[in-house]
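**Q** All chains should be built: construct the whole structure from the sequences, respecting the hints.
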Amino acid sequence: MGCWTGGETSMMPRVFLDSAVAVGDKVTVAGDDGHHFARVLRAQPGEQATVAAAGTGYLAVVTAVDKQAGSVVLVIQEQLQKRDPRHAVYVVQAMAKADKVDTVIQKCTEVGAAGVMLYESERSVARLKKDKIPGKLARWQKVAKEAAVQCQRDTIPVIKYASAFSGVLEWVHSMHAPHLLLLDEGESVNGLRSVLNGLHRESSGLRTEMNGLHSESSERRTRADGASSRSKADAELKPAANSGETPVVIVIGPEGGWSDEERSTWVGANARAVTLGPRILRTETAGVAALTAILYEFGDLGG
263 MGCWTGGETS MMPRVFLDSA VAVGDKVTVA GDDGHHFARV LRAQPGEQAT
313 VAAAGTGYLA VVTAVDKQAG SVVLVIQEQL QKRDPRHAVY VVQAMAKADK
363 VDTVIQKCTE VGAAGVMLYE SERSVARLKK DKIPGKLARW QKVAKEAAVQ
413 CQRDTIPVIK YASAFSGVLE WVHSMHAPHL LLLDEGESVN GLRSVLNGLH
463 RESSGLRTEM NGLHSESSER RTRADGASSR SKADAELKPA ANSGETPVVI
513 VIGPEGGWSD EERSTWVGAN ARAVTLGPRI LRTETAGVAA LTAILYEFGD
563 LGG
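For the sequence shown, the residue numbers in our numbering are 263 to 565.
What the hints contain is simulated information worked out from the structure, not anything from laboratory work.
Remember, it's a predicted structure, so these values are computed and weren't measured experimentally.
Every residue, glycine too, gets a C-beta built ideally from N, C-alpha and C.
One should not assume that every hint holds.
[Stated by the list, open to error] 30 Å max Cα-Cα, derived DSSO-like pairs, lysine-lysine:
#1 392 - 359
#2 369 - 359
#3 392 - 422
#4 422 - 369
#5 344 - 404
#6 369 - 394
#7 369 - 407
#8 407 - 288
#9 404 - 362
#10 398 - 362
#11 288 - 404
#12 391 - 407
#13 359 - 391
#14 398 - 369
#15 422 - 362
#16 359 - 344
#17 422 - 344
#18 404 - 369
#19 359 - 404
[What the hints assert, rightly or not] Listed next, with one range per pair, are the computed distances between beta-carbon atoms:
#20 456 - 531: 34 to 44 Å
#21 339 - 558: 29 to 39 Å
#22 307 - 340: 26 to 36 Å
**A** Written out as structure tokens, the structure is:
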């Protein structure tokens, strides 16, 4: 069963492009995606499809099909409404058995994760040999792409892997996310809901502050320089995509739970321990549950 995304484009085939496009552009889709369109779906000229490029979705029409070469030509018709969450939420998932990892990546992609980092925790049951890592990453990225296509996402989450804890921390710091949440079955005070309420207030306050700064500066420049200066101020002060929103990283432990040393290390890295409640969830369930709760709280799920 496919994901419900709403709108007439939800059942159209989707293809991800490597570079940005604009309305009116003509693009050729070859390779695996071209083969899928031309030979599996048997696309015909005049049929419509959706395209995702540089984080934006577009409606396109098929203008030519080459079944022998396995390629199609699309013309970009119009830009579509954004489908990805406004907030970037990253999932750090301790390694689990192979089928569980596939499930985590698939479901996190469907719900709206910005990225997934897999790593070998002290109590992880599954371990990867060094020569197996590239193949596994390619497979996991394919799982993410298939899920992103199915759910009509605008981007494909990037899947990363680290065998050492230092690699995980380096990746987390590179996200520049001010909020790092450690799911901990041993935590009894900080519930995820109460913590999210606080994060939501902080995010709303930051947006209000940015909007106030934008309005004051625009008004000041208008009085001084007229309408042309106001346009310039708008361009300078308007936040970039996702700026003013609150990136979040959630960290999920292995089947055996956190060791005392790991818990201490995460807390030392400014992670805030939170609980999902009195029930103990499987490692492949916990991350999806937390991701869903976070995106719902921030208004990125539920309409």
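**Q** All hints are to be evaluated individually against the structure, with a verdict given for each.
**A** Consistency of the hints with the structure:
This hinted pair checks out: residue 392 and residue 359 have alpha carbons roughly 17 Å apart, not beyond 30 Å. Distance hint between residue 369 and residue 359 is fulfilled; the C-alpha atoms sit about 16 Å from each other, no more than 30 Å. Distance restraint check for residue 392 and residue 422: the Cα-Cα separation of roughly 14 Å lies within the 30 Å cut-off, and the hinted pair is therefore satisfied. Pair hint residue 422 plus residue 369 holds up; C-alpha atoms about 16 Å apart against a cutoff of 30 Å.
For the proposed pair residue 344 and residue 404, the alpha carbon gap of about 23 Å is at most 30 Å, so the pair holds. Simply put, residue 369 and residue 394 have alpha-carbon atoms about 23 Å apart, close enough for the 30 Å limit, and the pair holds. With a C-alpha separation of about 12 Å, the suggested pairing of residue 369 with residue 407 holds against the 30 Å cut-off. For the given pair, residue 407 sits about 23 Å from residue 288 by alpha-carbon distance, which is consistent with the 30 Å threshold.
Annotation: proposed proximity of residue 404 to residue 362 holds, straight-line Cα distance about 15 Å (limit 30 Å). The straight-line distance between the Cα atoms of residue 398 and residue 362 is roughly 13 Å, inside the 30 Å bound, and the hint therefore holds. Under the criterion of a C-alpha separation no larger than 30 Å, the hint pairing residue 288 with residue 404 is consistent with the structure, at around 26 Å. For the proposed pair residue 391 and residue 407, the alpha carbon gap of about 24 Å is at most 30 Å, so the pair holds.
Among the hinted pairs, residue 359 with residue 391 is consistent with the structure: their alpha-carbon atoms are about 14 Å apart, no more than 30 Å. A distance of roughly 18 Å separates the Cα atoms of residue 398 and residue 369; the hinted pair therefore holds under the 30 Å criterion. A hinted pair counts as satisfied when its Cα atoms are at most 30 Å apart, and residue 422 with residue 362 qualifies at roughly 16 Å. Note on residue 359 and residue 344: the hinted pairing is violated, with a Cα-Cα distance of about 34 Å set against a maximum of 30 Å.
About 25 Å separates the Cα atoms of residue 422 and residue 344, which keeps this hinted pair within 30 Å; it holds. Our distance criterion of 30 Å between C-alpha atoms is met by residue 404 and residue 369, whose separation comes to about 13 Å. Restraint check for residue 359 and residue 404: satisfied, since their Cα atoms lie roughly 18 Å apart, inside the 30 Å limit. With their beta carbons about 22 Å apart, residue 456 and residue 531 fall outside the hinted range of 34 to 44 Å.
Against the hinted window of 29 to 39 Å, the Cβ-Cβ separation of residue 339 and residue 558 comes to about 33 Å, which satisfies the hint. Against the hinted window of 26 to 36 Å, the Cβ-Cβ separation of residue 307 and residue 340 comes to about 18 Å, which falls outside the hint.
The structure fails hints 16, 20 and 22 (numbered hints given earlier, in ascending order).
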